[in-house]
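Quick mapping for you: the protein sequence lines, in order, are chains G and C. So the first sequence is residues 0 to 245, counted in numbering that gives the first Met the number 0. So the second sequence is residues 0 to 572, counted in numbering that gives the first Met the number 0.
Honestly, the hints are just simulated from the structure, not real lab data. The beta-carbon is built from N, C-alpha and C at its ideal position, and this holds for glycine as well. Hints should not be assumed to be uniformly reliable.
What the hints assert, rightly or not - Quick list of simulated restraints, FRET-style, between CB atoms: (1) G:Pro221 - C:Leu432: 55 to 63 Å; (2) C:Gly90 - G:Ile95: 27 to 35 Å; (3) C:Leu138 - G:Asp229: 35 to 43 Å; (4) G:Arg220 - C:Leu138: 33 to 41 Å; (5) C:Lys462 - G:Asp229: 27 to 35 Å; (6) C:Gln108 - G:Val63: 35 to 43 Å; (7) C:Pro135 - G:Tyr130: 26 to 34 Å; (8) C:Ala524 - G:Tyr5: 51 to 59 Å; (9) C:Arg274 - G:Tyr130: 50 to 58 Å; (10) C:Ala524 - G:Val63: 48 to 56 Å; (11) G:Leu69 - C:Ala524: 52 to 60 Å.
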Amino acid sequence: MTWLDYALWGVLPYLVLLVLVGGTVWRYRYDRFGWTTRSSQLYESRLLRIASPMFHFGLLVVIVGHVIGLLIPKSWTEAVGIPESAYHLTALSLGIVAGVCTLGGIALLIWRRRTTGPVFSATTVNDKIMYLVLTMAIVAGLATTLLSAGADLTGGHGHDYRETVSVWFRSIWILQPDVAAMAASTFAFKLHVVIGLALFTLLPFTRLVHAFTAPVGYLFRPYVVYRARDPRSTTRTSRPIRRGWG
Amino acid sequence: MEIRDGAGRPIGRVMAQVAMVMNLDKCIGCHTCSVTCKQAWTNRSGVEYVWFNNVETRPGQGYPRQYEDQERWRGGWRRTGSGRLVPRAGGRLHKLATIFANPLMPSIQDYYEPWTYDYENLIVAPLGDDMPVARPRSLISGEPMNIEWSANWDDNLGGGPEVAGGDPLARRLGEKVRFSFEESFMFYLPRICEHCLNPSCVASCPSGALYKRSEDGIVLVDQDRCRGWRMCVTGCPYKKVYFNHKTGKAEKCTLCYPRVEVGLPTVCSETCVGRLRYLGVVLYDAERVGQAAAVADERDLYPAQLDVMLDPEDEGVRAAARRDGIAERWVESARRSPVYTLAARYRVALPLHPEYRTLPMVWYVPPLSPVVDALVETGHDGEAAGNLFGAIEALRIPVEYLAELFTAGDVEPVVGALRRLAAMRSHMRRVNLGEPVDEGIAEAVGMRTAEIEAMYRLLAVAKYDERYVIPTAYGVDEADRGVIEEVGCSLDFEGGPGTGGMGGAAPWGEASGRARPATVENFHALRVRQSGEKPSGSAKRVNLLNWDGRGRPEGLFPKKRKDGAEAAEEGTE
Ligand code: HEM
Ligand code: SF4
Ligand code: SF4
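Can you make the complete structure from the sequences, with help from the hints?
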């Protein structure tokens with residue numbers, strides 16, 4: 000292991016975490032007005048209606064895949080009786096489908112952004128950098144999956160990231176980074192991780208923050224929201240506002 | 000504690016709503032209201048295409064184009080088989096499933112593509128035989144464009160039957176209607192947000208950024224909470240929530256709440272040339288809202304909404320209002336409310352499109368002029384009661400059209416309102432000409448002569464204070480009007496370049512962080528500041544705009560701390 004390994008897998012993750020958390024908190028406190036999807040649907044709808052769901056749904060599956068792959072130790076899945084081969088096959092096939100959807104979606108989104116006049120003029124430098132890093136992360140990620148699948152098809156054994164990257168990832172959270180585990184993985188995985196870290200660093204300062212405020216609360220609140228101009232006035236009466244139906 | 004009204008009905012939670020009535024007979028379609036509103040609220044980039052107040056010619060497509068076609072836009076609420084209400088565009092799960100691309104989002108072309116002109120060309124064009132022209136240029140793409148539509152393309156039936164034929168209401172009424180319109184029937188419909196009792200825009204907002212204010216019922220967008228999911232645009236059937244394409248946030252008519260809070264009318268009301276707008280408080284029973292909005296038959300929505308409103312003359316209603324924390328000043332104001340009087344007492348004002356089930360709170364006195372015009376054009380006396388009553392019955396087309404607008408197609412309430420207006424018209428003619436009073440006229444419409452005259456005063460000659468009966472916001476009395484309005488730097492808004500003015504008590508300036516609620520303390524601080532002899536805040540601050548850049552004037556830097564605490568010099572001597 001070189002000093003670079005220590006820097007990349009031992010120090011960098013904590014710096015990124017600091018910027019991610021600190022940046023997000025800072026942005027939330029001082030730029031709530033800028034916290035938005037900056038939807039461009041007013042300008043163009045036809046392409047967006049294909050591209051955006053394709054990208055987002057693909058991405059959601061990818062995120063769930065990452066959570067499972069990185070957080071759940073191999074020993075656990077084996078303990079509940081999922082054989083390594085079955086896990087591998089499902090992960091690969093789902094991963095490829097979702098990855099291709101995401102990549103296709105983002106390609107279409109970028110194409111739309113470049114070719115639709117009003118959308119292009121509403122694109123900031125910040126957006127461009129974000130798109131570059133995001134696309135690289137997706138491409139690198141898909142590449143690791145395809146390499147793995149390729150190795151399977153040619154009868155070999157792909158690199159099992161669950162024994163390297165995942166171990167390292169979990170070790171970060173207990174403040175004992177397993178630099179050796181990460182250093183033992185392949186170049187493709189290392190590249191994907193570095194780009195991913197770059198994306199997390201950028202995240203709080205781009206439009207991507209909209210993902211942090213995904214409106215799940217909507218499912219649990221009454222339709223009509225009342226708010227008092229003067230917060231103290233709600234205590235004037237103890238009777239809640241009931242509308243006669245949900 | 001259960002309180003019952005005069006008729007013995009229990010009264011639920013009483014709430015107050017600042018509502019509006021517009022008298023359409025008096026609208027001359029001058030668009031002054033739209034222009035003053037735009038100057039006040041939407042003269043910024045990102046909302047070039049936005050008119051919180053717009054005036055559309057009816058019949059006509061409206062703004063945005065054909066917004067009333069709910070088969071297509073799916074705004075408002077839908078009553079399910081089991082009698083519940085869900086947003087017509089889909090419930091919560093459906094909304095979240097389609098959040099990545101809203102399938103029912105109007106495009107900028109449905110409003111219109113805003114533009115400017117290449118004025119520069121007028122000056123820099125080289126000398127030649129042709130006059131230089133200023134070509135239109137899109138404010139969206141920056142490219143040269145052809146102007147093909149705008150917010151008032153079909154003003155005064157411009158564009159003829161081809162355009163007016165796109166009116167969703169006219170379509171519903173059929174072919175023959177359209178033809179008759181051009182001959183005898185046209186009026187203006189000024190529109191703002193309805194500040195609905197059952198707002199579907201609020202219901203559509205996934206992040207809960209839109210809310211109805213519990214004190215005055217004004218529906219607002221919290222700009223700090225809006226995340227640009229743009230579902231509210233779809234939710235509002237009147238298409239009165241707009242997407243600011245620069246900030247990525249929703250914006251809508253605010254009912255000029257900063258003015259209303261200090262007892263002033265909205266800008267559109269204040270500047271209305273026809274003086275046809277009325278503002279006043281309506282008390283209503285919040286617990287009846289859900290039921291009223293969900294009545295089975297669309298035509299029952301108008302009476303159901305009337306039933307939600309509470310009569311402030313009723314002892315029980317006043318007691319219930321007191322119980323629910325409504326200030327006495329507001330209850331008194333509701334008793335003088337011109338809105339309640341026109342809507343519930345005289346029943347000459349009607350809601351716009353009650354069938355959307357949002358219980359809108361901007362109501363309209365339908366225009367009698369089409370009927371009068373038709374009479375006069377055919378050589379009849381347009382002010383004789385008999386003629387007018389007959390014509391209202393005979394002229395099915397304008398009446399049916401008005402019913403499509405105001406009562407979900409039920410002509411009876413429209414006929415009733417028009418008959419009362421007609422009775423007023425012929426009675427007042429007799430008065431003006433010194434003819435003997437004919438009690439029969441008032442009786443024919445179920446009113447008393449004195450009532451007709453009071454209604455005439457309200458509709459024709461009411462002064463400023465009678466048209467706008469607005470109590471000031473909580474905690475401030477009529478006598479304080481003007482004092483709470485600080486004359487400050489217009490750049491001192493949150494996040495503005497003026498941030499950090501006045502002493503800089505907070506790390507990011509006084510205006511940073513959340514807005515401070517009004518308290519006794521800052522009320523007095525404000526008063527001292529406004530009536531003080533010295534400039535407020537840190538008295539020895541240097542105005543950098545006047546500083547010539549030399550030396551180190553006193554106050555250029557904050558004072559050194561003496562005892563570790565900030566040298567607070569806030570003007571409370
Ligand atoms: C589940 C949470 C999420 C929701 C509800 C959501 C929703 C949205 C919405 C409504 C838009 C605006 C589309 C438009 O009208 O123009 C958008 C755009 C976008 N989102 Fe998300 N998003 C989520 C998560 C994410 C994540 C995790 C990412 C990537 C890390 C992401 C990346 C983007 C990008 C790049 C755009 C811009 C698309 C474009 O206009 O070119 N989103 N998202
Ligand atoms: S009219 Fe106003 S309050 Fe009613 S749904 Fe539309 S935006 Fe909301
Ligand atoms: S200012 Fe008054 S008269 Fe003129 S268009 Fe507006 S509502 Fe009508």
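Verification of the hints:
A hinted range of 55 to 63 Å holds for the C-beta pair proline 221 of chain G and leucine 432 of chain C, which are about 58 Å apart. Range check, glycine 90 of chain C to isoleucine 95 of chain G: Cβ separation about 34 Å, and the 27 to 35 Å hint holds. Leucine 138 of chain C and aspartate 229 of chain G have their C-beta atoms about 39 Å apart, which keeps the hinted 35 to 43 Å range intact. For arginine 220 of chain G and leucine 138 of chain C, the hinted distance range of 33 to 41 Å is satisfied, since their beta carbons lie about 37 Å from each other.
Distance hint check: the CB atoms of lysine 462 of chain C and aspartate 229 of chain G are about 31 Å apart, consistent with the given range 27 to 35 Å. A hinted range of 35 to 43 Å for the beta carbons of glutamine 108 of chain C and valine 63 of chain G is consistent with their spacing of about 38 Å. Distance hint check for proline 135 of chain C and tyrosine 130 of chain G: the Cβ-Cβ separation is about 32 Å, which falls inside the suggested range of 26 to 34 Å. The supplied range of 51 to 59 Å is met by alanine 524 of chain C and tyrosine 5 of chain G, whose beta-carbon atoms lie about 56 Å from each other.
Arginine 274 of chain C and tyrosine 130 of chain G have their C-beta atoms about 54 Å apart, which keeps the hinted 50 to 58 Å range intact. A C-beta distance of roughly 53 Å is found between alanine 524 of chain C and valine 63 of chain G, which places it inside the suggested range of 48 to 56 Å. Between leucine 69 of chain G and alanine 524 of chain C the C-beta distance comes to about 54 Å, which sits within the given range of 52 to 60 Å.
In terms of the numbered hints stated before, the structure departs from none.
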